[in-house]
Each structure stands twice: as C-alpha cells, then as structure tokens.
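**Q** For reference, the chains in residue letters:
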Amino acid sequence: GAVVSQHPSWVICKSGTSVKIECRSLDFQATTMFWYRQFPKQSLMLMATSNEGSKATYEQGVEKDKFLINHASLTLSTLTVTSAHPEDSSFYICSARYGALPSYEQYFGPGTRLTVT
Amino acid sequence: AQSVTQLGSHVSVSEGALVLLRCNYSSSVPPYLFWYVQYPNQGLQLLLKYTSAATLVKGINGFEAEFKKSETSFHLTKPSAHMSDAAEYFCAVSGNTGKLIFGQGTTLQVKP
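Protein sequence lines, in the order shown, are assigned to chains P and G.
Residues in the first sequence are numbered from 6 upward in steps of one, following our numbering.
Residues in the second sequence are numbered from 122 upward in steps of one, following our numbering.
Some hints here could point you the wrong way.
[Stated by the list, open to error] Simulated restraints, written as ranges between beta carbons of each label pair:
| # | chain 1 | residue 1 | chain 2 | residue 2 | range |
| --- | --- | --- | --- | --- | --- |
| 1 | G | G129 | P | E68 | 19 to 27 Å |
| 2 | P | M50 | G | T176 | 23 to 31 Å |
| 3 | P | D70 | G | S135 | 45 to 53 Å |
| 4 | G | N162 | P | T85 | 37 to 45 Å |
| 5 | P | E92 | G | P151 | 48 to 56 Å |
| 6 | G | G183 | P | D70 | 40 to 48 Å |
| 7 | G | S201 | P | H90 | 40 to 48 Å |
| 8 | P | T85 | G | G183 | 39 to 47 Å |
| 9 | G | T193 | P | Y109 | 34 to 42 Å |
| 10 | P | S14 | G | H203 | 24 to 32 Å |
I should point out that these hints are in silico values taken from the structure, not numbers from a laboratory.
A quick note: this is a predicted structure, and the numbers were derived from the prediction, not measured.
All C-beta atoms in this analysis are idealised placements derived from N, C-alpha and C, irrespective of residue type, glycine included.
Just chain P, same shape as in the assembly (with noise of 0.2 Å):
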C-alpha cells in the first residue's frame, strides 16, 4: 500500500526556534496534502489543506504566520512551526491525498511529536 512519511518522528525544541516537519508520499504523486494537530487523548483537528505548487489553505483559527506550510512538489509538504513556544507541543500528523473525488484514498503519516520546552 501506499506509505507517507515524516521526519522527524519526535523533536524538542527551546521557545522561540523554528521547527520544520516534512511529510513525503514515498511512493505515489500528491496533490493533495493536509496538516492536523491533535493533543492528548483528543481528535485530530485539521489546520491546513496544502496543495502542490499553491499557498495553503488554513483552516479558520489557525495562524498561516506561525504555521508556514509548503508544497514544492507531488510527494513532499513541509510545516514549519515559526516561533515555537510551549503551547505549539504536540502530535503533528500529515496526510497525503492520492486519486480523484470521490474516489480518492488518504494515506497518513506516523505523525510528529513536537515538545516546546
């Protein structure tokens, strides 16, 4: 089956740092990519659809100045946390879009924990 990848698996970072998460379809093309959060014990909560070669689209309440996402090519999207701080921690998991509504399959990565200390 289709594999999505991200790196990296776990980070700590001091506050105020960057942080860059990449997420990588290995072995089918993406147009599609999207970005969720999700804290302990609850839901994940999506807060970005990327599209290759265009700007995000952010979910409302999301901040596009803290959470800048690119989409360079079909099986790369990267989310870079800018700024850091403690309350940014958290389980970061991308997915990647392959096919055509409706019949389309989204693959998801083994996600990323990130701890802001």
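With the hints as your guide, set chain G onto chain P.
**A** Frame of chain P; chain G shown alone:
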C-alpha cells in the same frame, strides 16, 4: 456543514466478544464515511470506507460497518474482539471538498 459524533469515548469488551463502536454523522451533501484506527504514537490506518456503493462495507482485520441513511449512522462492528484490536478508533466524514472531519474518537479496551 458536516460533523461526526462518536457515542462512547471508551468501550471495553472481553476477548472474543462482539465489538460495536457507534458513529452518527451529519452532512448536507451525500457523505463519504470512514473508520480509522490509531495505535499509540502512530498515525491513522484506514479500516474501511463508504463511498455510496454497497451499504455494508467490509474492511481490514475483520471489521465491517453499515451505512444507514435513515438513522444517519455508520457503526463499526467486529464479531470477535482480539487483544490486538485495542486502540483508538476514529469515525470521519467527508463531502465534496475531500476534507475529513473526525469524531472525537473511541478508545477500545479488550480484556483477556
């Protein structure tokens, strides 16, 4: 607008017993419905999906779900629970945009 409600944040069953995880949806357009499983500190794995074909959908690991439009439900079942089924389960709905809206999740505990 679309939403999903998972009834019961925690379900406990004995090994070998029936698993029933409840999901009700709300959608202004014909929905696509999904069940995902998440193991600790991992991403999500698709169990099954409904995309307007057969109302009874069979998935991986012996799970199945039935789409009932009249009840706006998409409950997940498995005849016999296995210890390895213990995990977090998410129901999700998607419409024309392809964006997934997730329920709050149900933790399945399987007792020996």
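**Q** Quick check on a hinted range of 24 to 32 Å for S14/P and H203/G, using CB atoms only.
**A** holds, 27 Å
**Q** Take the C-beta atom of M50/P and the C-beta atom of T176/G, compute their distance, and say whether it sits inside 23 to 31 Å.
**A** Distance hint for M50/P, T176/G holds at roughly 30 Å.
**Q** I want to verify a distance hint. Is the separation of the beta carbons of G129/G and E68/P within 19 to 27 Å?
**A** violated, 34 Å
**Q** Just to be sure I understand the hint, the distance between the Cβ atoms of S201/G and H90/P should be within 40 to 48 Å; is that true here?
**A** holds, 47 Å
**Q** Given the hint of 45 to 53 Å, check if D70/P and S135/G actually sit that far apart at their C-beta atoms.
**A** holds, 51 Å
**Q** Honestly, do E92/P and P151/G meet the 48 to 56 Å range at C-beta?
**A** Given range 48 to 56 Å: violated, Cβ gap about 38 Å.
**Q** Given the range 39 to 47 Å, decide if the beta-carbon distance of T85/P to G183/G lies inside it.
**A** The hinted range 39 to 47 Å holds for T85/P and G183/G, with Cβ atoms some 41 Å apart.
**Q** With respect to the beta-carbon atoms only, verify the hint that N162/G and T85/P lie 37 to 45 Å apart.
**A** violated, 22 Å
**Q** Could you check the hint for me, namely that T193/G and Y109/P are 34 to 42 Å apart, CB to CB?
**A** Given range 34 to 42 Å: violated, Cβ gap about 23 Å.
**Q** Measuring from beta carbon to beta carbon, are G183/G and D70/P in 40 to 48 Å?
**A** holds, 46 Å
Checked against the numbered hints given earlier, the structure breaks hints 1, 4, 5, 9 and satisfies all the rest.
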